[in-house]
Amino acid sequence: MPHSLSAQDVTTPGGLLLVLAILIPFIGMLIGFVFGGGKAMRVALATLAVGLAIVIAIAKALVQSGDAVIYILGGWMPPLGVALRADGLSVVMLLAIAVVICGIGVYARADFGSPSGVKEARAPLTFWLLLLAVWGSLNLVFVSGDLFTLYVALELLTFAAVPLVSLDGRSETVRSALRYLLYALLGSVLYLLGAVLLYGVYGTLDIPLLAMRVRPEPVAWAALALMISGLLAKTALFPLHLWLPPAHAGAPAAASAVLSGLVIKGSWFLAVRLWFDVFAGVVTLPSAQTLGTLGAAAILVGNVVALRQTRLKLLIAYSTVAQIGYLFLMFPLATGLSSAGLDSAVAVNGGMLQAISHAMAKAAMFMAAGLIYTTLGHDRVADLRGMTSTLPMTVLAFALAGASLIGLPPSGGFLAKWLLISAAITTLQWWWALLMLVGGLLTSVYVFIVVVRSLAPAHDGWKPKLPVPRYQQAAVLALALCSFLLGAAVLCPLDVMQIGRTVSRNTLLP
Amino acid sequence: MNGPTLFGLCAAALIGFGLYGLIVNPQPLRKIIGFNIIGSGVFLLFGTIARRGAAAGMGGDPVPQALLITGIVVAFSATALAVALLLRLFDEGGVVTLVSEASPTEAKADPPDA
Amino acid sequence: MTTSGLLIATAIGTPFAMLLACLIPAFRKRMPPLLGLAPIPALAAALLADDTLLMFGNAQFKLAFAMDKPGTMLLTVAAILWIASGFYATTWLRNTGHAGSFVVCWLMTLTGCVGVFLAADLLGFYFLLAVLSVGASGLVLQGGTSKALRASAVYLGVALLAEAFLLAGLVMLAWVMPHGSLLIRDAAAAISTSPWRDLTLALLVVGLGMKAGLVPLHFWMPLAYDAAPMPASAVMSGAVVKASALALIRFLPFDAALPEFGLPLAAIGFFGAFYGVVIGLTQSKPKLILAYSSVSQMGFLVAVIGMGLAVGDSGSALAACFYAAHHLLAKGALFLAVGVFATTGRHRLWLVLLPAAVLALGIGGLPLTGGAMAKLAVKPIMGDGFVGLLANLSAIGTTMLMLHFISRLVTSTASIPSTSAPVCLASPWLLMFIAAIALPWTLYPMTGIGIWSYALQPEILWAASWPILIGIMPMFVLWRWRKALPQMPEGDLIVIGERALRKVITWGDGLEWAEGWLRRWPVATMMLLALAVFFGETLIGWR
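Which chain is which? The protein sequence lines are A, B and C, in order.
One gets the working numbering by counting positions in the first sequence from 1 and adding 421 to each.
One gets the working numbering by counting positions in the second sequence from 1 and adding 22 to each.
One gets the working numbering by counting positions in the third sequence from 1 and adding 10 to each.
So that you can see chain A by itself, here it is in the shape it has in the complex (with noise of 0.2 angstroms):
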């Protein structure tokens, strides 16, 4: 095995801004509490911006390096001690969250702000302290080089995304978080069970370390079918997605944004991580196709769903069931060249690049839809006439937005539709393009009808409900700016995602 455990496990330089990366939002969140009333938005703001200070060091000290950034907790080796790594994909992921949570951040300056002569209102109060916890607990996802601490944040994130859907406190969306919830938790006994299975046989949960003991046998298919599967329902995937419309429906735009961008990200990274670092050598073509057939029947029916709504914002959501289905196109596409002894680079930068222009695209689409609430005070698909004259950086932050999802170059969306097609066609597995393509097609009908529709004239002598501040235009803009400029990595001289990962993908090949 080239894996040489004392190159490994040795804490890396920067490897301290790892546990930076995950202290500074719940640092921030407990002083926010403390504080509490009209600070925690400060509070909040000024965690973010140290925060991605913090991820943008983390970024350079692996590209410095050109390897994995590593910080072992109290100088413990795992198997009994807990390590933390950041390799190219948990360093892109912490980036794109990072902006994209700074972005959901200036947006919410104006819904979340606290009302004046109002002491301490509890929404915005919540709101602010629950974006922390969802941004440490990602961190923590991204970075956790061990199955259980992974449980651990992932039931944080899920936690700090619970409340998030019931902000208002009414009866419905109480009943829609509490839904989520159960679910949820339904789907991280699964993972957990899967986890402890695996201890019981391989006496450790390090990945590395379970990387190299794993073998195709009956506990091992039983512990990657238990936790996949709870990570689906965690993900929402189709037909697991029974939380998702509903925990949108009664939403704030910005929780709606965090919900759909970002949460559902984290289980879906752990399940790449499972699949491509744990399990490499127990995964099968098969159940990778299973994983890419509920993706499809995601995209066809959430699209087709998505443009029967009549209401924007539950369209959005829709789009997401659909958008989850693509994130897992990439699991038969990798494993098909994978089993074909090829690099599965393409597939899984593919896949991760969905990932990331949607978590920036899908962010800016609600926050739209949420500036559309505001000044139209609905948000019936069928009426918004006047909101180009209106709001016109916001429309065209939702056609940018929408032209990511379509996958039109030079999107972020496009080079990810280019990278898996490329791998669907050398793998000869010809029907996930067709899906891809027909995808595309759909999300672009229900984005044009949106469109047409906010271009239409207003009515005479209309009035916007409420008028909308310039700055919250100007971050919709800029996330849905970043999706669509995304594909513009190509011209990255560095396959940033791979770096730190040339292990994993030795176990891959024997």
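Don't read these hints as lab results, they were simulated from the structure.
Ideal placement from N, C-alpha and C gives every residue a C-beta, glycine not left out.
Any given hint might turn out to be false.
What the hints assert, rightly or not - Listed below are the simulated DSS-like cross-link pairs for lysine-lysine, each with C-alpha atoms no more than 27 angstroms apart in a straight line:
(1) K481(A) - K72(C)
(2) K157(C) - K295(C)
(3) K157(C) - K513(C)
(4) K513(C) - K79(C)
(5) K884(A) - K39(C)
Stated by the list, open to error - One side only, chain B facing chain C, incomplete, derived with CB under 10 angstroms:
(6) L44
(7) I45
(8) P48
(9) K53
(10) L66
Please build the complex by placing chains B and C on the supplied structure of chain A, with the hints as guidance.
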């Protein structure tokens, strides 16, 4: 039948009961309890696994015990959150059910004006 | 960067910079008078730049732009059309309120159009084609009517569908390119050696054919050209649709004879050429007749390309390009003529009618016009046999359609007999007229297709004349019995398509119900457990 097998079977039975309750019972509180029973089953299984370390000459594998305690804390907080939501739901409507009156896609889901 | 590189960069950069400037409302308001100037760098580049490759990017990935021979020819004439239509649009915009969105769409389409003509790598080409499609569908939308909305939706839908095919084709193409190159100039060679040659070619041809308006996917064309504002129709029918023809010319491997591809392509093209004439004859709006003539002419152009591919004649690319260049000029000028006509009274009619008639009949191949030169250029490819006969028949058909167009044009004059078109509307049109007459004569010898003295031989002139004379005769009959002709709905086949779509939408009911059922708690939880079991099964069973 030796000890670990018995405990393992008990764990499996607990998980089964819990799943049944979680899936079939319409009352949210029973669902929460169902979840806790599943959790207990999983923890029991983990404990059994830790006990096996003793067979290897150690006084029991310490890692699962540490993880177990963490897991119980997590499950406890999950239960607390769920119960809090449930109470809130009861305060709002007086009726506690997970099935919404209308399908969420057409519900009167416009949030009240802020 | 060399001078040529600089020229190419400014050609694309100028409209793009103007597009970006439109983000600021103050600039957007001042933009309309500049529309006619935006394409001037493109014209300069077409006239002055040599075939250097302009690259942006790094070792891993480059965006490349270059000026090849077909590109030069088409860009020259397209730039002239864009300039003329731009000035026309400036005048047209004075009377409309929503100039802002028109200008944005216009500049976007222009950027895409110039870009596609110049793009030399696959990704850049695909990107700019998407810009072009989105911009053009926006231009159609500017018609402002509900008809325009439908037309724009259909246009965008077809364009995106076409681009989906194209994307699949391009990815397959990129896979076989040597040394990871993405340059279009290597594409033709790569296709002919590719193991997936047939599939790649089929995907490319279907994708580009849809965008070129091949029957049966032509229905977007009449809808869009009718609904779009006049200057937009002119550039779309002239320049925009040629982008896909140019792409066909660039991608198809003309060096190797591929009769199994070329002949079916030619057959589809000819079918479109006649189909356009037949449906066009049943129409009564001048714009619609021109649109169907475009369907017919694009069909003919594809037939030329198909024949060239079938025999492996590398010269046919240039000839097809020349044909396209003439059609671009003439069709653009005719669309502008329709606009000028609508503002001209009966008293000064002949001033406009005569040039329009010359241009219209020129498309049919009237001797001494550019159309005759174009027909002459493609004649060697068509040969004298059956295909040559088809070509002549299509010329007869086009003549009939154009006569029909002129007869309908006469009835669409302004209501006050003494009005004359404003100078700023008439002069762009006049510019286009002169270009459409003079440029083919200049390009003909310059591109090395032939020489004047050959084109002026009496037997050549006669060969061009008799289809016109034959075409005139049935028109007398048709005019006499016009009322008996069935009226085809515009966009003919789309009506069937929309019916099918409605059916699909009703199926959505069932799907939505099923989706709601799946979201019920017991179902979803059981699904989760069942999935876990099934997933385990896939890991064990199929090992």
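Each hint, compared with the structure:
{"no.": "1", "hint": "K481(A) - K72(C)", "verdict": "holds (25 angstroms)"}
{"no.": "2", "hint": "K157(C) - K295(C)", "verdict": "holds (15 angstroms)"}
{"no.": "3", "hint": "K157(C) - K513(C)", "verdict": "holds (21 angstroms)"}
{"no.": "4", "hint": "K513(C) - K79(C)", "verdict": "violated (48 angstroms)"}
{"no.": "5", "hint": "K884(A) - K39(C)", "verdict": "holds (23 angstroms)"}
{"no.": "6", "hint": "L44", "verdict": "holds (7 angstroms)"}
{"no.": "7", "hint": "I45", "verdict": "holds (4 angstroms)"}
{"no.": "8", "hint": "P48", "verdict": "holds (8 angstroms)"}
{"no.": "9", "hint": "K53", "verdict": "holds (9 angstroms)"}
{"no.": "10", "hint": "L66", "verdict": "violated (20 angstroms)"}
Checked against the numbered hints given earlier, this structure breaks hints 4, 10; the rest are met.
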